[in-house]
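K.L.:
Each chain, written out:
Protein chains: 2
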Amino acid sequence: MTMRKIAESTVRRLSLYLRCLEGFEAQGLETVSSDVLAARGGTTSAQVRKDLSFFGSFGKRGLGYSVRELSSALRGILGLGRRYRVAVIGAGKIGSALVQYPGFRQRGFDIVAIFDADTRKVGEAWDGLRVRHVRELDQALRDQPADIVAIVTPGEVAQGMVDRCVALGVKAILNFAPVQLQVPDDVAVKHVNLALEFETLTFALNNR
Amino acid sequence: MTMRKIAESTVRRLSLYLRCLEGFEAQGLETVSSDVLAARGGTTSAQVRKDLSFFGSFGKRGLGYSVRELSSALRGILGLGRRYRVAVIGAGKIGSALVQYPGFRQRGFDIVAIFDADTRKVGEAWDGLRVRHVRELDQALRDQPADIVAIVTPGEVAQGMVDRCVALGVKAILNFAPVQLQVPDDVAVKHVNLALEFETLTFALNNR
Numbered sequence: 000m001t002m003r004k005i006a007e008s009t010v011r012r013l014s015l016y017l018r019c020l021e022g023f024e025a026q027g028l029e030t031v032s033s034d035v036l037a038a039r040g041g042t043t044s045a046q047v048r049k050d051l052s053f054f055g056s057f058g059k060r061g062l063g064y065s066v067r068e069l070s071s072a073l074r075g076i077l078g079l080g081r082r083y084r085v086a087v088i089g090a091g092k093i094g095s096a097l098v099q100y101p102g103f104r105q106r107g108f109d110i111v112a113i114f115d116a117d118t119r120k121v122g123e124a125w126d127g128l129r130v131r132h133v134r135e136l137d138q139a140l141r142d143q144p145a146d147i148v149a150i151v152t153p154g155e156v157a158q159g160m161v162d163r164c165v166a167l168g169v170k171a172i173l174n175f176a177p178v179q180l181q182v183p184d185d186v187a188v189k190h191v192n193l194a195l196e197f198e199t200l201t202f203a204l205n206n207r
Numbered sequence: 000m001t002m003r004k005i006a007e008s009t010v011r012r013l014s015l016y017l018r019c020l021e022g023f024e025a026q027g028l029e030t031v032s033s034d035v036l037a038a039r040g041g042t043t044s045a046q047v048r049k050d051l052s053f054f055g056s057f058g059k060r061g062l063g064y065s066v067r068e069l070s071s072a073l074r075g076i077l078g079l080g081r082r083y084r085v086a087v088i089g090a091g092k093i094g095s096a097l098v099q100y101p102g103f104r105q106r107g108f109d110i111v112a113i114f115d116a117d118t119r120k121v122g123e124a125w126d127g128l129r130v131r132h133v134r135e136l137d138q139a140l141r142d143q144p145a146d147i148v149a150i151v152t153p154g155e156v157a158q159g160m161v162d163r164c165v166a167l168g169v170k171a172i173l174n175f176a177p178v179q180l181q182v183p184d185d186v187a188v189k190h191v192n193l194a195l196e197f198e199t200l201t202f203a204l205n206n207r
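Quick mapping for you: the protein sequence lines, in order, are chains A and B. Under numbering that gives the first Met the number 0, think of the first position of the first sequence as 0, with each following residue one higher. Under numbering that gives the first Met the number 0, think of the first position of the second sequence as 0, with each following residue one higher.
Hint data in this document are derived by calculation from the structure and do not stem from the laboratory. All figures in this text were calculated on a predicted structure; none of them were measured in a lab. Check each hint, because a few of them may be wrong.
A pair counts as met if it fits within one copy or between any two copies, since identical chains are not told apart.
[Stated by the list, open to error] Here are the simulated lysine-lysine pairs, DSSO-like style, with alpha carbons at most 30 Å apart:
{"id": "1", "residue 1": "K170", "residue 2": "K92"}
{"id": "2", "residue 1": "K59", "residue 2": "K170"}
{"id": "3", "residue 1": "K92", "residue 2": "K120"}
{"id": "4", "residue 1": "K59", "residue 2": "K120"}
{"id": "5", "residue 1": "K120", "residue 2": "K170"}
{"id": "6", "residue 1": "K49", "residue 2": "K59"}
{"id": "7", "residue 1": "K92", "residue 2": "K59"}
Using the sequences and the hints given, assemble the complete structure.
P.N.:
Shown next, in the form of structure tokens:
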């Protein structure tokens, strides 16, 4: 299986199915139908079956899916059976929100370093993590490689930071800066654009 | 045209195409091909043509799209030809990041009110906006209706806040709280889940 074959929208739905399944696990449910997963994931049962079919054969006709087996399989598919080391570049409001959000640690993401170019921020302690100057970035990532780097810098410096991270072997970038990043084919980039989220809503407000 | 026929993933791509077109406008380009738009939007030229075909006939075979005409049409389709009044409920880190992010104002989103239940935060001024107590929410939205409400509260209070907003006539909710919200059919909800963004990357790291 290669990454290329699986659309990002499919991966996103797998994450949503997993959220539902974990809720059902907590409630003690043993099986769930594709209809129920579809309703929770905002899609159709045919789409649920198609999404899962990329990864193997799950569930029994008429019986549905085992909540425990399917959630375990999805955690494996999504790579959530391990912990990830995340470095954050940019100690502004969003960087701060990332560091302090308890949901990340719960899901296996450990924020292990935060960097900023502003000497006034360097040395501040955020949740026990000291903000370091970006000039320490290369040495820090060599000493303690990061699995994922979150870019929370102004747009004009983002690409330079990403180039440094890529040169240091980082293979996954979560980009909050308002620019398109250029990376080699073997590096995954996920762009988070909060203004785009609003535009889904303005479309809805104007098309009903 | 009804909202139901257009998938959220399509709307998202329209936003991305618009971003590209605005970049081309700034560079003085007059026309653009569906290939170029596709490359920038991370999709295929067939998908670009299909996405646009929902909304009318754009471009000329062999000549591509007029950058100015298509960006103007997309702004209209996405409802970006006007300004939107946004209220933020929750004055934590993410609420603060929303209020101070200049990109929203540039795109037509004016944050007009922010609320919190924590009396220590009430009265603080954020970018000239005073944090108000959530008990003032109903009166505030009656006096000055909001087009969009951003929910940036803890999960356990989110639904109650949304119910109050819906009763006051709010038709669009941007939800950052880690819960599924229940709303009537005529209310649009967009759920922003930062942990899901990380999972797109863990999938990529584990499937290449």
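K.L.:
Which numbered conditions among the earlier hints are violated in the structure presented, ordered from lowest to highest?
P.N.:
2, 4 and 7
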